[in-house]
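Keeping their order, the protein sequence lines are chains A and B.
First residue of the first sequence: 0, per numbering that gives the first Met the number 0; consecutive thereafter.
First residue of the second sequence: 0, per numbering that gives the first Met the number 0; consecutive thereafter.
A hint or two may mislead.
Taking lysine-lysine and the DSBU-like style, the derived pairs with C-alpha atoms no more than 30 Å apart in a straight line are [stated by the list, open to error]: (1) Lys282(A) / Lys206(B); (2) Lys273(A) / Lys175(B); (3) Lys373(B) / Lys7(A); (4) Lys167(A) / Lys7(A); (5) Lys222(A) / Lys64(B); (6) Lys263(A) / Lys239(A); (7) Lys222(A) / Lys166(B); (8) Lys17(A) / Lys370(B).
Covered stretches of chain B (in silico footprint by chain A; criterion: 3 or more residues with CB under 8 Å from a CB of chain A, positions within the stretch not fixed) [claimed, not checked]: (9) 56-64; (10) 204-210; (11) 303-317.
Hints are computed from structural coordinates only; laboratory data are not their basis.
Using N, Cα and C, we set each Cβ at its ideal position, and we do this for glycine too.
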Amino acid sequence: MSESKLRKRITQLDVFPKIERDYVDQSAGGGFVTMIVTFILSFLIFSEVLEYLNAQYDYSVVIDYTKNNNVYMNIDLTVAMECDNLRADMYDSTGTTTYAKAALSFTPTHFSVRNAVNFNNNGKAEIEGENFDMDDLMDNAEKEDDSWSSYEDEKSSCRITGQIDVHKLAGNFHITALGHGYGGKHTEHNQLNFTHRFYTFSFGDYYPGLINPLDDSVEITEKHFSYYQYFLSIVPTIYKQESSGRILYTNQYSVTDMSADVSKSHDLPGIFIKFDFEPLLVKIVQIKKSFFHFLVRLCGIVGGIYVSFGNIYRILFTIYNLIMRKNQKDSSSESEHEPLVAQSPVEH
Amino acid sequence: MFQRKLSNGFKRFDAYAKPLDDFKVKTFAGGAVTIISSIIIIFLFISEFLDYRKVHTEPILTVDKSRKERMSIFMNITFPHMPCYLLSVDVMDVSGEQQNDIEHDVYKTRLDPNGNVIESEASFVGESEIEGDQDAELPPNYCGSCYGARRGCCNTCDEVKEAYAAKGWSFNNPGKVEQCVREGYGDKVEEQKNEGCNVHGFVKVNKVAGNFHFAPGKSFQQNGMHVHDLQQFYKSTDFDFSHIIHSISFGKPQERIFNPLDDTQKETSISRYQFQYFLKIVSTNTVYLDGTEEPSNQYSVTEHDQDFSIGSGVYGLPGVFFNYEISPMLVTYTETRKSFTSFLTGVCAIVGGVFTVAGIIDSFIYTAEKKLKKKIELGKAS
Numbered sequence: 000m001s002e003s004k005l006r007k008r009i010t011q012l013d014v015f016p017k018i019e020r021d022y023v024d025q026s027a028g029g030g031f032v033t034m035i036v037t038f039i040l041s042f043l044i045f046s047e048v049l050e051y052l053n054a055q056y057d058y059s060v061v062i063d064y065t066k067n068n069n070v071y072m073n074i075d076l077t078v079a080m081e082c083d084n085l086r087a088d089m090y091d092s093t094g095t096t097t098y099a100k101a102a103l104s105f106t107p108t109h110f111s112v113r114n115a116v117n118f119n120n121n122g123k124a125e126i127e128g129e130n131f132d133m134d135d136l137m138d139n140a141e142k143e144d145d146s147w148s149s150y151e152d153e154k155s156s157c158r159i160t161g162q163i164d165v166h167k168l169a170g171n172f173h174i175t176a177l178g179h180g181y182g183g184k185h186t187e188h189n190q191l192n193f194t195h196r197f198y199t200f201s202f203g204d205y206y207p208g209l210i211n212p213l214d215d216s217v218e219i220t221e222k223h224f225s226y227y228q229y230f231l232s233i234v235p236t237i238y239k240q241e242s243s244g245r246i247l248y249t250n251q252y253s254v255t256d257m258s259a260d261v262s263k264s265h266d267l268p269g270i271f272i273k274f275d276f277e278p279l280l281v282k283i284v285q286i287k288k289s290f291f292h293f294l295v296r297l298c299g300i301v302g303g304i305y306v307s308f309g310n311i312y313r314i315l316f317t318i319y320n321l322i323m324r325k326n327q328k329d330s331s332s333e334s335e336h337e338p339l340v341a342q343s344p345v346e347h
Numbered sequence: 000m001f002q003r004k005l006s007n008g009f010k011r012f013d014a015y016a017k018p019l020d021d022f023k024v025k026t027f028a029g030g031a032v033t034i035i036s037s038i039i040i041i042f043l044f045i046s047e048f049l050d051y052r053k054v055h056t057e058p059i060l061t062v063d064k065s066r067k068e069r070m071s072i073f074m075n076i077t078f079p080h081m082p083c084y085l086l087s088v089d090v091m092d093v094s095g096e097q098q099n100d101i102e103h104d105v106y107k108t109r110l111d112p113n114g115n116v117i118e119s120e121a122s123f124v125g126e127s128e129i130e131g132d133q134d135a136e137l138p139p140n141y142c143g144s145c146y147g148a149r150r151g152c153c154n155t156c157d158e159v160k161e162a163y164a165a166k167g168w169s170f171n172n173p174g175k176v177e178q179c180v181r182e183g184y185g186d187k188v189e190e191q192k193n194e195g196c197n198v199h200g201f202v203k204v205n206k207v208a209g210n211f212h213f214a215p216g217k218s219f220q221q222n223g224m225h226v227h228d229l230q231q232f233y234k235s236t237d238f239d240f241s242h243i244i245h246s247i248s249f250g251k252p253q254e255r256i257f258n259p260l261d262d263t264q265k266e267t268s269i270s271r272y273q274f275q276y277f278l279k280i281v282s283t284n285t286v287y288l289d290g291t292e293e294p295s296n297q298y299s300v301t302e303h304d305q306d307f308s309i310g311s312g313v314y315g316l317p318g319v320f321f322n323y324e325i326s327p328m329l330v331t332y333t334e335t336r337k338s339f340t341s342f343l344t345g346v347c348a349i350v351g352g353v354f355t356v357a358g359i360i361d362s363f364i365y366t367a368e369k370k371l372k373k374k375i376e377l378g379k380a381s
């Protein structure tokens, strides 16, 4: 009893009163328009879904607000000289010079340029272009480095690996030969060769999978007195994925470099890496698109298209009818005219 | 027959089935609402269409991770009181040494005191002095003296000058050097004394901090120092480094890139005067609608100038210096346009939305009108 009453109440609330088929005029033209609309709608919905699924990145630059005074400098490179003849030092603008050899491990190894990239002067190699993928980046960051290969044979080269704790200040890290620049036993000139290959060079926590501009680059020289100078500008960077909530604090850097033959000048042979931290912080956020917003857009599309095509069709139909009526009046051949009501077949 | 069947088939799909004519009511208010809403729709459609055709540019700032890039420095500078033979162009790296692997295509144009073009010649970076006429007939086995600057033969005025430069001597008396007199060197210097010089062209350098400068006299490296032979310059006080920068850019000119130094004019009447420009270069990449990329560079500039006259107490090289540094940031301008589908969606939303709202208003008017009429009929209207 009460149930049927409720039903009645609800029925009264219907704002979508339907007209029975008998009282409407279905025409072939209308059917045709419906099919077109269905086609367009499915196309638009498809493209909207694609856009929803596509990742979108928001780049912003703010002043560096992080307060970590020390960052790690992750070094892994090979120099084509014997370890006994090399030394590594770090100098920063607090005025401290550190004998960095203690913090790093010097391993005799075999020089390999496998997988390395030798940038020639016109070589433009984009390492991380337009279409980088945040998922890959996040996954890579967690990957372990397993490409640590050591060769048992000829070990005339030296692989320098390790982490140095550096102040977040301008500094200069350099690898020189003993007796050339700093004291120590004098290294024979014919043993000097600063051909080198970077495996990785980064700042901040060590993420083996992140690619930095110096990674896998190689500089080859035949000369004994070569001088390589790198200028690094380090920009603290935060990668953030809104959907999974993963945040990655790291550093990116841009590098310019120069090299010279210093056999005739006062400069020292060696590899000099001069770095400075930028006061800016780059924030790259993978935006999470709200499903709700997507739904609203979808409703807008479906509703809008359905209604506007209906209106256009109705306008065209009205115009068509007007013209037809005029023609009929002109020709005054009323016999040909049948009222629309009679034309519509009643189907069930 | 078939047509009829097809038409019947289509009929079943009609989602826009119209109520039969007999059940339709057309009112004046409805017509008026239709006209007004049509006007609104046309207006909104036009603005939506204009927005769709508009190209939006979005700048993104990222870290420049490129390696070993090269950049071209395009320049066009006029020195009204510096003759071409005295002016040298040098490109140096950050440690102050001449850059060795540069490509360049720089032309010096001699200008008369009124600024008219006399003659144009290709120039070499680091080179300044005029070339002598080397087509003079020399006797066989000729071996000109190097005047003690080096052993061996110096057969042309240029060779003598080079030998002097290598030794670190200044070459200030060409009248006493036989080779130069024969080539008419002194006359040429005299002839060009009041001329100006325009330097234009490009230099392609490695993208690393450095400087390029316009200074008097031939430059050479001596004991690891970069020095200029200033003897010729100090001979006269007529020379000065007033200059007009027509353009300086670090990449092909682009519509979006504004070069702050273009059309800069600097005047001085002091001959020993130094102008310095400190430039910070920011890599700029433009991605056009069709996906083509055009890398270029923008820069910001700070100026400084200094008087080195005798008695000012400071010493330095007169000239015009451009010191540049490379910024680690990369600006990417991406041109975007609304997609056609979003345009279509927008149009549909406008048309559908306006018509629906108009329909509601119309039905409201219709109902109100009807109720009012009823009341009037019943004589209840006051």
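Each hint tested on the structure:
no. : hint                  : result
1   : Lys282(A) / Lys206(B) : holds, 26 Å
2   : Lys273(A) / Lys175(B) : violated, 51 Å
3   : Lys373(B) / Lys7(A)   : holds, 28 Å
4   : Lys167(A) / Lys7(A)   : violated, 75 Å
5   : Lys222(A) / Lys64(B)  : holds, 28 Å
6   : Lys263(A) / Lys239(A) : violated, 50 Å
7   : Lys222(A) / Lys166(B) : holds, 27 Å
8   : Lys17(A) / Lys370(B)  : holds, 24 Å
9   : 56-64                 : holds (count 6)
10  : 204-210               : holds (count 4)
11  : 303-317               : violated (count 0)
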